[in-house]
Structure formats: C-alpha cells, structure tokens
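Chemist: Produce the entire structure from the sequences given, and follow the hints as far as they go.
Terminal number for the sequence shown in UniProt numbering: 48, no gaps in between.
What the hints contain is simulated information worked out from the structure, not anything from laboratory work.
Any given hint could be a false lead.
Unchecked claim - Dumping the calculated SDA-like pairs for lysine to any residue here, alpha-carbon to alpha-carbon at most 25 Å: (1) 13 - 3; (2) 13 - 28; (3) 13 - 24; (4) 13 - 29; (5) 13 - 26; (6) 13 - 2; (7) 13 - 27; (8) 13 - 25; (9) 13 - 23.
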Amino acid sequence: MFNLPFLTGLWWKDILPLGTPLLFDVGIYLAIIGGVMGMLLHLNEGLD
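Modeler: Shown next as structure tokens:
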C-alpha cells in the first residue's frame with residue numbers, strides 16, 4: 001500500500017508527532033483496563 005516493509009510505523013506529523021505505535025499502545029491500555037474493570041465488577045457482584 002505504501003511500499004514500506006511489514007510492521008513499519010506510520011507517523012502523522014501535522015500537529016503532534018503521533019503514530020501507529022501509539023494507537024496500538026492505547027488499544028492495549030484500554031483492553032487491560034476493561035479486563036480489570038470487568039473482573040472487579042464481577043467480584044463486587046459476588047460480595048453483595
């Protein structure tokens with residue numbers, strides 16, 4: 001698509017230097033937070 005090697009990060013340099021690795025990291029962060037919150041809610045239901 002961009003004639004770049006596989007797994008090459010793409011950077012958006014217009015306003016802030018943001019790239020695809022940041023998007024990946026944010027997705028992992030949200031997945032971990034969601035999993036922890038789900039477990040905590042499940043444990044909280046068991047205590048009631």
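Chemist: Work down the list of hints and note, for each, if the structure agrees.
Modeler: Structure-based check of all given hints:
no.: 1; hint: 13 - 3; verdict: holds (19 Å)
no.: 2; hint: 13 - 28; verdict: holds (23 Å)
no.: 3; hint: 13 - 24; verdict: holds (17 Å)
no.: 4; hint: 13 - 29; verdict: holds (23 Å)
no.: 5; hint: 13 - 26; verdict: holds (18 Å)
no.: 6; hint: 13 - 2; verdict: holds (17 Å)
no.: 7; hint: 13 - 27; verdict: holds (21 Å)
no.: 8; hint: 13 - 25; verdict: holds (18 Å)
no.: 9; hint: 13 - 23; verdict: holds (15 Å)
Hint check: no violations occur; every hint is consistent with the structure.
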